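> Throw the hints in and build the complete structure from the sequences for me.
Take a look at the letters that make up each chain.
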Amino acid sequence: MIELTKLEEIVLIAIWNLREDAYGVSIKKKVHELTGKEYFYNTLYTIFDQLIRKEFIIKGFGEPTAVRGGKRKVFFRLTKKGQWALNDAFERQCRIWAGFVKETFFRETV
Amino acid sequence: MKPSPGSKIPKLPYWILRKLAFHSLPEGYSGDIEEEYEERVRNFGKRNTIAWVWIHALTALPGALKYKFVWGVIMMKNYLKIALRNIRKNKGYSFFNITGLIIGMGCCLFIGLYSQYEMSFDKFHENSDRIYRINLVSNQTGGVTTAPALAPAMKNDFPEVENIAQMYDPGNSLIKLDNNISFKTKVIYASKFSKFLPFPS
Numbered sequence: 001m002i003e004l005t006k007l008e009e010i011v012l013i014a015i016w017n018l019r020e021d022a023y024g025v026s027i028k029k030k031v032h033e034l035t036g037k038e039y040f041y042n043t044l045y046t047i048f049d050q051l052i053r054k055e056f057i058i059k060g061f062g063e064p065t066a067v068r069g070g071k072r073k074v075f076f077r078l079t080k081k082g083q084w085a086l087n088d089a090f091e092r093q094c095r096i097w098a099g100f101v102k103e104t105f106f107r108e109t110v
Numbered sequence: 001m002k003p004s005p006g007s008k009i010p011k012l013p014y015w016i017l018r019k020l021a022f023h024s025l026p027e028g029y030s031g032d033i034e035e036e037y038e039e040r041v042r043n044f045g046k047r048n049t050i051a052w053v054w055i056h057a058l059t060a061l062p063g064a065l066k067y068k069f070v071w072g073v074i075m076m077k078n079y080l081k082i083a084l085r086n087i088r089k090n091k092g093y094s095f096f097n098i099t100g101l102i103i104g105m106g107c108c109l110f111i112g113l114y115s116q117y118e119m120s121f122d123k124f125h126e127n128s129d130r131i132y133r134i135n136l137v138s139n140q141t142g143g144v145t146t147a148p149a150l151a152p153a154m155k156n157d158f159p160e161v162e163n164i165a166q167m168y169d170p171g172n173s174l175i176k177l178d179n180n181i182s183f184k185t186k187v188i189y190a191s192k193f194s195k196f197l198p199f200p201s
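One line per chain: the protein sequences are A and B, in this order. For what it's worth, the working numbering labels the leading residue of the first sequence as 1, then goes sequentially. For what it's worth, the working numbering labels the leading residue of the second sequence as 1, then goes sequentially.
Source of the hints: derived by calculation from the structure; they are not laboratory data. Keep in mind that a hint or two might mislead.
Said to hold, decoys possible - Computed from the model, here is a short list of chain A residues facing chain B with C-beta under 10 angstroms:
{"no.": "1", "residue": "Lys28"}
{"no.": "2", "residue": "Lys30"}
{"no.": "3", "residue": "Phe40"}
{"no.": "4", "residue": "Asn42"}
{"no.": "5", "residue": "Lys54"}
{"no.": "6", "residue": "Lys73"}
Claimed, not checked - Calculated pairs, DSSO-like style, for lysine-lysine (alpha carbon to alpha carbon, straight line, at most 27 angstroms):
{"no.": "7", "chain 1": "A", "residue 1": "Lys6", "chain 2": "B", "residue 2": "Lys46"}
{"no.": "8", "chain 1": "A", "residue 1": "Lys80", "chain 2": "A", "residue 2": "Lys30"}
{"no.": "9", "chain 1": "A", "residue 1": "Lys54", "chain 2": "B", "residue 2": "Lys91"}
{"no.": "10", "chain 1": "B", "residue 1": "Lys77", "chain 2": "B", "residue 2": "Lys19"}
{"no.": "11", "chain 1": "B", "residue 1": "Lys46", "chain 2": "B", "residue 2": "Lys19"}
{"no.": "12", "chain 1": "B", "residue 1": "Lys81", "chain 2": "A", "residue 2": "Lys29"}
{"no.": "13", "chain 1": "B", "residue 1": "Lys91", "chain 2": "A", "residue 2": "Lys28"}
{"no.": "14", "chain 1": "B", "residue 1": "Lys46", "chain 2": "A", "residue 2": "Lys37"}
{"no.": "15", "chain 1": "B", "residue 1": "Lys91", "chain 2": "A", "residue 2": "Lys59"}
{"no.": "16", "chain 1": "B", "residue 1": "Lys11", "chain 2": "A", "residue 2": "Lys28"}
{"no.": "17", "chain 1": "B", "residue 1": "Lys155", "chain 2": "A", "residue 2": "Lys30"}
{"no.": "18", "chain 1": "A", "residue 1": "Lys28", "chain 2": "B", "residue 2": "Lys8"}
{"no.": "19", "chain 1": "A", "residue 1": "Lys59", "chain 2": "A", "residue 2": "Lys30"}
{"no.": "20", "chain 1": "A", "residue 1": "Lys80", "chain 2": "A", "residue 2": "Lys59"}
{"no.": "21", "chain 1": "A", "residue 1": "Lys6", "chain 2": "A", "residue 2": "Lys30"}
{"no.": "22", "chain 1": "B", "residue 1": "Lys46", "chain 2": "A", "residue 2": "Lys54"}
{"no.": "23", "chain 1": "A", "residue 1": "Lys28", "chain 2": "B", "residue 2": "Lys46"}
{"no.": "24", "chain 1": "A", "residue 1": "Lys30", "chain 2": "B", "residue 2": "Lys46"}
{"no.": "25", "chain 1": "A", "residue 1": "Lys81", "chain 2": "A", "residue 2": "Lys102"}
{"no.": "26", "chain 1": "B", "residue 1": "Lys19", "chain 2": "A", "residue 2": "Lys59"}
{"no.": "27", "chain 1": "A", "residue 1": "Lys81", "chain 2": "A", "residue 2": "Lys30"}
{"no.": "28", "chain 1": "A", "residue 1": "Lys54", "chain 2": "B", "residue 2": "Lys155"}
{"no.": "29", "chain 1": "A", "residue 1": "Lys37", "chain 2": "B", "residue 2": "Lys66"}
{"no.": "30", "chain 1": "B", "residue 1": "Lys81", "chain 2": "B", "residue 2": "Lys91"}
{"no.": "31", "chain 1": "B", "residue 1": "Lys46", "chain 2": "A", "residue 2": "Lys59"}
{"no.": "32", "chain 1": "B", "residue 1": "Lys91", "chain 2": "B", "residue 2": "Lys68"}
{"no.": "33", "chain 1": "B", "residue 1": "Lys77", "chain 2": "A", "residue 2": "Lys29"}
{"no.": "34", "chain 1": "A", "residue 1": "Lys54", "chain 2": "A", "residue 2": "Lys102"}
{"no.": "35", "chain 1": "A", "residue 1": "Lys59", "chain 2": "A", "residue 2": "Lys29"}
{"no.": "36", "chain 1": "B", "residue 1": "Lys8", "chain 2": "B", "residue 2": "Lys46"}
{"no.": "37", "chain 1": "A", "residue 1": "Lys54", "chain 2": "B", "residue 2": "Lys11"}
{"no.": "38", "chain 1": "B", "residue 1": "Lys91", "chain 2": "A", "residue 2": "Lys29"}
{"no.": "39", "chain 1": "A", "residue 1": "Lys29", "chain 2": "B", "residue 2": "Lys68"}
{"no.": "40", "chain 1": "A", "residue 1": "Lys54", "chain 2": "A", "residue 2": "Lys30"}
All values reported here derive from a predicted model rather than from experimental measurement. From the three backbone atoms N, C-alpha and C, an ideal C-beta is built for every residue, glycine too.
This is the structure:
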């Protein structure tokens, strides 16, 4: 079984959602869209580093553009291992949350 | 990789941020920040955005320090290991090398201590750096006396000698002072000392 932290999981899902267009800014926007939180690039890039080290994603370089001050975009793509990790996480979440019913009122259990 | 001329990001936080990027993708990181900068200026105003860049620069600091420290310790351990292995491999060579180093350092320390001790006497005098004492150490009796004529002769012959004083320790002796003759024990005779040895009162 492959363990993922919460933020790693979210970033992986964002990359999966974006497919071909996953780079820093778009991932940050996607994560904001998914969680409602604004993360700093510092945090995100350390997560990218971890994911690359765990071989869940690979990096690739785009063309340099004037908008980015002449710097190349760094694209990320899911690897097979990353896809499996996501599948695993999804299955686990399903198992954990199976049979859960949202209660409108809190009922005290003994 | 310098920031492009059109870039409006303040230089100092941008420089810090690029220096402290401790992950493996500093190019993508700074490019992303440049890309989002304009948009944030439009949405949140310039001041807010500059604060945002500053926060990026400052929050990267602890991570960068930790990164540097951790790698420094790891490299240090590596160096120590290599040194130990070299010592083990060339045993004779390192034995002589290290013994030589130990003897040299020990001698240096002892010479330093000795000279510090020797220089530490009578520092409270005003001209202590210009006062010298002449001893003649005799190995047979252990006495430290020189001839009484030495001091005047030195004053006479050497222009460097400004002034002289003599001291003699006869022990028990008869003293004559204004026709009063008395026997004293523990006598020390000294001449002209107060001229250049003003003892602080």
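> Could you work out which of the previously given hints the structure breaks and list their numbers from low to high?
2, 5, 7, 9, 12, 13, 15, 17, 22, 25, 28, 31, 32, 33, 34, 37, 38, 39
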